[in-house]
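*Asks:* Sequence:
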Amino acid sequence: MRCKSFIYICLFFLASCHNRYASDVKEALLFAGSNRSELEYVLEHYAENRADSLKFRAACFLIGNMPHHFNYPEEPYRAYCASLDSLFLIEMSYEDYIKEANIILRHHARKLRPLYDSHTITGDYLIWNIDHAFDQWETLPYLEHLNFDEFCEYVLPYKCLDGQPLNKWKQDWNTQGVDMKNIPQIDEYKYNVRRFVEAANRDFSENCRMTTLGTDDMNILDILDLYTLAHRPYGSCKEMAQLVLLNTRSKALPVSLDFTPAWPDRSASHFWNNLFSAHRTNIDFEGLGYPGERHYQEKFLGKVYRISYSPHPLLLQALEQEGEIPNSLSLFTRDVTDAYGRTTTISIPVQPCMPADFAYLATFDNEQWIPVGIGKIKRGKAVFEKVPLGILYIAGTYKDGAFIPSSDPFIVDTRKRVTPLKTSQTETLSIHLTRKFPAFEHVHWVNEYLRMGRIEASDTPDFIHADSITDFPEWHFLAGEEIIRDTVPHRYWRLISSTPHSSDFAEIYFYERRSGKRIKGELLHPDAPVRNKSHDTPEYICDDDPLTYFATENTDTPRWVGFDFGAPVAMQKVAYIRRGDGNDICPDDTYELYYWKNGQWVLHERQKAENVYIDFEDVPAGGLYFIRDSTRGMQNRTFVYRNGVVRWY
Numbered sequence: 006m007r008c009k010s011f012i013y014i015c016l017f018f019l020a021s022c023h024n025r026y027a028s029d030v031k032e033a034l035l036f037a038g039s040n041r042s043e044l045e046y047v048l049e050h051y052a053e054n055r056a057d058s059l060k061f062r063a064a065c066f067l068i069g070n071m072p073h074h075f076n077y078p079e080e081p082y083r084a085y086c087a088s089l090d091s092l093f094l095i096e097m098s099y100e101d102y103i104k105e106a107n108i109i110l111r112h113h114a115r116k117l118r119p120l121y122d123s124h125t126i127t128g129d130y131l132i133w134n135i136d137h138a139f140d141q142w143e144t145l146p147y148l149e150h151l152n153f154d155e156f157c158e159y160v161l162p163y164k165c166l167d168g169q170p171l172n173k174w175k176q177d178w179n180t181q182g183v184d185m186k187n188i189p190q191i192d193e194y195k196y197n198v199r200r201f202v203e204a205a206n207r208d209f210s211e212n213c214r215m216t217t218l219g220t221d222d223m224n225i226l227d228i229l230d231l232y233t234l235a236h237r238p239y240g241s242c243k244e245m246a247q248l249v250l251l252n253t254r255s256k257a258l259p260v261s262l263d264f265t266p267a268w269p270d271r272s273a274s275h276f277w278n279n280l281f282s283a284h285r286t287n288i289d290f291e292g293l294g295y296p297g298e299r300h301y302q303e304k305f306l307g308k309v310y311r312i313s314y315s316p317h318p319l320l321l322q323a324l325e326q327e328g329e330i331p332n333s334l335s336l337f338t339r340d341v342t343d344a345y346g347r348t349t350t351i352s353i354p355v356q357p358c359m360p361a362d363f364a365y366l367a368t369f370d371n372e373q374w375i376p377v378g379i380g381k382i383k384r385g386k387a388v389f390e391k392v393p394l395g396i397l398y399i400a401g402t403y404k405d406g407a408f409i410p411s412s413d414p415f416i417v418d419t420r421k422r423v424t425p426l427k428t429s430q431t432e433t434l435s436i437h438l439t440r441k442f443p444a445f446e447h448v449h450w451v452n453e454y455l456r457m458g459r460i461e462a463s464d465t466p467d468f469i470h471a472d473s474i475t476d477f478p479e480w481h482f483l484a485g486e487e488i489i490r491d492t493v494p495h496r497y498w499r500l501i502s503s504t505p506h507s508s509d510f511a512e513i514y515f516y517e518r519r520s521g522k523r524i525k526g527e528l529l530h531p532d533a534p535v536r537n538k539s540h541d542t543p544e545y546i547c548d549d550d551p552l553t554y555f556a557t558e559n560t561d562t563p564r565w566v567g568f569d570f571g572a573p574v575a576m577q578k579v580a581y582i583r584r585g586d587g588n589d590i591c592p593d594d595t596y597e598l599y600y601w602k603n604g605q606w607v608l609h610e611r612q613k614a615e616n617v618y619i620d621f622e623d624v625p626a627g628g629l630y631f632i633r634d635s636t637r638g639m640q641n642r643t644f645v646y647r648n649g650v651v652r653w654y
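Sequential numbering from 6 applies to the sequence shown in this note's numbering.
Some hints here could point you the wrong way.
Unchecked claim - No farther apart than 25 Å at their CA atoms in a straight line, the calculated lysine-lysine pairs in the DSS-like style are these: (1) K602 <-> K404; (2) K421 <-> K391; (3) K427 <-> K602; (4) K173 <-> K186; (5) K391 <-> K243; (6) K243 <-> K173; (7) K173 <-> K60; (8) K522 <-> K613; (9) K386 <-> K427; (10) K31 <-> K60; (11) K421 <-> K386; (12) K602 <-> K613; (13) K404 <-> K391; (14) K381 <-> K427; (15) K538 <-> K525; (16) K381 <-> K304; (17) K116 <-> K104; (18) K304 <-> K386; (19) K383 <-> K421.
Stated by the list, open to error - Distance ranges between label pairs, derived from CB positions: (20) W480 <-> N212: 42 to 48 Å; (21) H506 <-> H470: 22 to 28 Å; (22) Y301 <-> E32: 36 to 42 Å; (23) P238 <-> P531: 39 to 45 Å; (24) Q176 <-> A283: 22 to 28 Å; (25) E372 <-> G395: 38 to 44 Å; (26) H437 <-> S473: 27 to 33 Å; (27) L120 <-> Q176: 18 to 24 Å; (28) W480 <-> K383: 26 to 32 Å.
Read the hints as simulated data drawn from the structure, not as lab findings. We put the beta carbon where it would ideally sit given N, CA and C, even for glycine.
Assemble the whole structure, with the sequences as input and the hints as a guide.
*Replies:* Below is the structure:
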């Protein structure tokens with residue numbers, strides 16, 4: 006009887022201890038399995054000392070949010086990084102780097118199986134990290150603006166990114182940044198965290214080899230060792246942002262990694278860094294730049310997320326209930342879209358093909374819909390919060406690794422109005438296109454080389470006696486054509502600059518008056534120096550490649566290109582493509598026009614272009630359209646067509 010009473014007392018005591026913890030901590034302890042005792046050791050360590058109540062809360066925060074976090078085993082990962090580091094110190098081509106990096110991964114892959122943090126972390130390591138973080142918070146002057154929740158976000162976590170081995174990286178990497186020790190001497194800088202971030206980046210960038218370059222072909226795991234990553238010769242915006250994050254967080258600097266899963270008006274995602282300062286709470290910057298430098302201030306970023314230690318509540322629910330979430334979305338993130346621009350909450354009717362509790366907001370990336378946000382489905386409508394304005398979307402569900410559209414495409418305009426795009430069953434229209442993709446600012450960057458240009462004609466190949474036929478418009482950056490009024494036939498025709506300035510053209514096309522057809526002549530040009538032989542030679546003016554170009558110049562030693570048509574010929578018009586991005590309509594390329602209907606793209610017409618524009622007739626009106634060049638290129642885009650005007654989305 007006494008033995009049974011003792012058992013009841015023990016069970017009551019254990020239940021009382023267990024009830025001290027919030028539900029997320031209880032679930033995390035269950036998730037830890039055989040490693041549960043290590044986590045309980047940490048909780049009991051801080052629970053015994055009432056003076057450490059904040060540390061107990063910090064321990065609960067780390068443990069309660071620990072499930073689903075993973076790490077790579079330290080020794081195999083260290084060996085893997087050492088192999089990559091040796092590779093990166095060798096000078097070789099980008100293609101050779103890809104080949105060798107893939108070989109290294111295959112060699113180490115068997116030992117780099119990810120492990121759950123909950124199953125492998127030790128109590129002593131977690132206690133060391135908590136004590137170390139609190140010591141930084143209490144002693145570093147540039148952290149005095151952080152409250153407890155902000156401290157948990159930026160300083161407390163024992164990792165920056167999933168995959169990081171469970172080691173004392175904060176201690177090992179903290180010595181990098183000698184400049185930071187000098188800043189506290191200046192009273193104006195002592196409490197200014199932005200100055201410390203600048204110093205940390207400045208010091209580290211001097212030893213960084215990384216050049217920004219897309220690295221999709223390099224099959225390697227994320228490099229989460231600071232020095233190996235700094236030695237990496239090529240990296241995308243993601244690797245640059247990860248490098249800054251590892252460097253700054255090791256010094257307890259409140260810097261985050263922010264990203265958009267997909268640009269809303271082009272392909273790919275984008276990553277950058279953000280500084281939580283004492284005065285301005287959203288100072289974003291890119292790569293090893295300085296906080297406050299211009300960073301896509303006028304672009305539509307779409308949905309924006311911040312890598313965090315705690316999981317996104319809805320994504321966690323979706324993962325636990327449905328077993329998967331889209332690859333474009335990350336579990337351990339926080340939605341910070343409203344920190345980057347105006348947003349709204351929308352409710353969209355959806356018709357999922359199967360019962361679903363969660364819906365996904367998607368944007369188009371040149372080829373397919375990419376999920377960028379999550380919402381709940383209530384009474385047949387998907388509710389999405391923090392939706393950026395001025396962007397095209399579609400709503401859908403996610404099953405077996407695929408996004409399934411479940412609504413009409415719609416635009417959330419800058420007045421917060423939602424406009425669905427429905428293809429008409431009866432009305433049609435004609436669509437006139439001069440491009441297949443919007444012209445972005447990099448087309449404008451070379452505007453000084455895009456001034457005017459002139460067509461001249463002559464009866465001799467030296468053009469000593471030449472007639473001025475037509476001038477191209479000043480400051481016209483894109484493709485175009487000029488009607489020729491002169492009906493006098495000439496054998497020799499040339500393109501030359503009409504000012505002393507350089508005038509760059511990618512392609513020139515002549516259309517014969519009698520037939521209206523495009524004709525080609527034998528290339529003529531003087532023996533004059535060019536700016537750069539690798540991309541600026543006379544042959545490029547007629548190579549049918551809109552990404553190569555030739556620069557004409559009307560100086561003492563003029564650069565021009567001419568054509569011998571073999572006999573006098575009168576021209577109907579001259580068309581041209583300026584130096585640009587290659588997305589103007591190109592003669593001889595085949596284009597496909599699609600419209601969206603019943604949850605899929607429907608091909609309206611496939612047509613070969615004869616001019617620097619293309620016309621499609623009898624297109625169903627009112628819908629969303631997609632133009633694709635099936636001959637070349639990867640930049641194809643969606644648009645709406647109203648009153649003869651293309652609006653790209």
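*Asks:* Holds or violated: K522 and K613, Cα atoms, limit 25 Å.
*Replies:* Given that 25 Å is the threshold and the Cα spacing comes to 14 Å, the pair holds.
*Asks:* Mind checking the alpha carbons of K173 and K60 for me, to see if they're no more than 25 Å apart?
*Replies:* holds, 19 Å
*Asks:* Hint check: K421 vs K391, CA-CA at most 25 Å. Holds or violated?
*Replies:* With a Cα-Cα distance of about 11 Å, the restraint between K421 and K391 holds, given a limit of 25 Å.
*Asks:* Below or equal to 25 Å on CA atoms is what counts here, so check K602 against K613.
*Replies:* holds, 24 Å
*Asks:* For a C-alpha distance cap of 25 Å, please report whether K383 and K421 respect it.
*Replies:* holds, 21 Å
*Asks:* K116 and K104: Cα distance at most 25 Å?
*Replies:* holds, 20 Å
*Asks:* Between Q176 and A283, is the Cβ distance one that fits in 22 to 28 Å?
*Replies:* holds, 26 Å
*Asks:* Starting from the range 26 to 32 Å, see whether the pair W480 and K383 falls in it by beta-carbon distance.
*Replies:* violated, 52 Å
*Asks:* That 38 to 44 Å hint for E372 and G395 (C-beta), does it hold up?
*Replies:* violated, 22 Å
*Asks:* Taking only the CA atoms, is the gap from K421 to K386 under or equal to 25 Å?
*Replies:* The given pair, whose Cα atoms are some 18 Å apart, holds under the 25 Å limit.
*Asks:* Hint check: K538 vs K525, CA-CA at most 25 Å. Holds or violated?
*Replies:* It holds: about 24 Å lies between the C-alpha atoms, which stays within 25 Å.
*Asks:* Take the C-alpha atoms of K381 and K304, compute the straight-line distance between them, and say whether it is at most 25 Å.
*Replies:* Violated: K381 and K304 sit about 28 Å apart, past 25 Å.
Violated hints for the displayed structure, listed by number in ascending order: 16, 18, 25, 28.
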